[in-house]
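Enquirer: From just these sequences and the hints, can you work out the full model?
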Amino acid sequence: MDRPRTMFEKIWADHAILEDDDGQTLLFVGRHLAHDGSMHPFRFLDERGQSVMYPDQVFATPDHGTPTVSHRLEDIGDPAQRTAVTSLQANAKRHGFTLFDLDDPRQGIVHVVGPEQGLTQPGLLIVCGDSHTSTHGALGALAFGIGASEVAHVLATQTLWQKRPLTMRVCIDGALGRGVTAKDVALFAIARIGANGAAGHVIEFAGATVRDLSIEGRLTLCNMAIEAGARAGMVAPDDETFRYLKGRPHAPAGMAWDAAVAFWKTLPSDDGAAFDAEVAIDAAAIAPMVSWGTSPEESVPVTAEVPRHATGDVARSLDYMGLAPGTPMAGLAIDQVFIGSCTNARIEDLRAAAAIARRGHAVVPAIVSPGSTLVKRRAEEEGLDRIFREAGFEWRESGCSMCCGMNGDLVPAGKRCASTSNRNFPGRQGKGARTHLMSPTMAAAAALAGRIVDVRTFEPEVG
Amino acid sequence: MPAPFHTLDAVAAPIDWPNVDTDQLSPVRFIRRPRSQGYGDILFHDLRFEGSGEEKPDFVLNQPSFRPAGILVADRGFGVGSSRESAVWALVDYGIRCVIAAGFGDIFHNNAVKHGLLLIREDAAVLQAERAALREAPGTRLAVDLETQRWRGAAGALRRFEIEPGRKRRLQLGLDDIETTLQNLPEIRAFAGRYRERRPWLFT
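Protein chains in written order, with numbering that gives the first Met the number 0: chain A, 0 to 462; chain B, 0 to 203.
By construction, these hints were calculated from the structure, which means they are not laboratory data. Just so you know, not all the hints are guaranteed correct.
Computed, partial: chain B to chain A, Cβ under 10 Å [stated by the list, open to error]:
#1 Asp-15
#2 Ser-81
#3 Ala-132
Reference listing, derived: stretches of chain B covered by chain A, where coverage requires no fewer than 3 residues with Cβ under 8 Å from a Cβ of chain A [to be verified]:
#4 23-37
#5 96-105
#6 170-180
Cβ coordinates follow ideal geometry from the N, Cα and C atoms, glycine included.
Expert: Pasting the structure below:
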């Protein structure tokens, strides 16, 4: 009998064209996703006089620099960002790949759009010039972010040279407590593994807790795999995955559907497959999490406090964050709230946040930016926009927005933002901005309270 | 194409904090400028400069002895975060050809080799001692020999480092991957044909 293989090994082998003498594998790229940050690689391609090899497998949408006050091109204040969007339009036309443009309802954050359109499928090797490409692994794809030179290489050759990464299985078992979400699982796992603890590894998230997560929850979890330093995050495809994909615009249909599902069912790791590293997490031990520092690994339960012993790195983080050693997380005053990003701006995230928002009124500025225009429309059909607006939240267009600070949605220096995004790096949401990462429900509760609160016990003041 | 990397003898600067993410190396508001414009001025921009554009005198690269650095000695998790290749452009355009750290972000690691930036993995304890030595004697030069895979520390000790053969060869030759890959075009096209047959639903 063949040696048991992990899901990663199966997908890797299925995309390996050849190996060179020094251990690098030339991989075939199944699908390539692009966004308005792709201007550099296209310029590299032009400088070399090369064209796109398989434009039918390139799908793009503007997200990083798109305005959220409207989707009009003229509302992009920064000329460099506007050029990034217009050059994506020009490149799509010239090279003949699919573009979900600013005025297209299929536009959105590329990592929300891929699964939503059914472009992301089990068993596919997917790359994109963005680190959060790990998101797509939630459907059983092998998906990872690459730099501009590698993007140019993929455009020109549909391939990529990679050294084969190691594997890590993160098993999460047990029941999640009330108010604990996939985001909390992710922050808990990152605090355990470290911000670069999974470097060189592809993580497979496994265990009953992961299995019980919705696809959207799995997308949140795999999205944050990069924040543990992992090359990619993956979850084995199952009936939930197939249900999610069925009927999506780019999903297989008719007889092809049955063939695809039969293939997808061969993908999960075989019993007894060996992983290079194993991590076990007890889901029952996870509380709603909040980041206190300047790396996602600096996260604690909302019931805890920031470190008491402030030396070295800890002192540096606390100083940037303007926090005294030993400050309790709960009760910490915030200045603004951001609900959005490829981590937490899908419909389930917005429903969960709205369910909190409807219980009170925001006392600090709060914006909601849906993950895609289709998510926005769906939310509006469900009346979520009205709930947010009545609760004093701003209801915006879709895009990366305040997560990466490229489109003008910024947190001012020294201000504290409760954010559903993925990175609390210094300056990430704006120069000098202080970011506290948390789940959508925690962020919504923070907006109503004007401070960080434990969503499990939060009672808005009736006023 | 990057310049081939063989040996390096350069001033080394200590970067004392862990998890130097690519947002710190290359703040996002600069990364849409053309590559040809150069990125050296944005390296560590918000740590290096005041809002007014004045240099922050305390920042290591603003100290005269460390200003001409060609090597950085850092801690763990160097280059984590965003895939932006401008983090590497900022380093090499500034004049950094080698970073020694206890671990690197994976995507940053892959980007580095494309631009002739050598990344050396070293034990955290060794790095801590090395950074202290550099602070003690600012302007100290370290040496690196890629062929023999050795680097010489501030006190003169030679240490061996590991590097994957594929990365080493690319750095030594200043290889252009696209040209090399296209030599395999027949294999790629044949593979693509079989791939499409196996997954017809992707191509309708």
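Enquirer: Are the hints correct? Go through all of them and say.
Expert: To see whether the hints hold, each was checked on the structure:
1. Asp-15: Holds, about 8 Å.
2. Ser-81: The hint holds - Ser-81 of chain B has a Cβ within 10 Å of chain A, the shortest such distance being about 5 Å.
3. Ala-132: violated, 18 Å
4. 23-37: Since 9 is at least three, the answer is holds.
5. 96-105: holds (count 4)
6. 170-180: holds (count 3)
The structure shown violates just one earlier hint, number 3.
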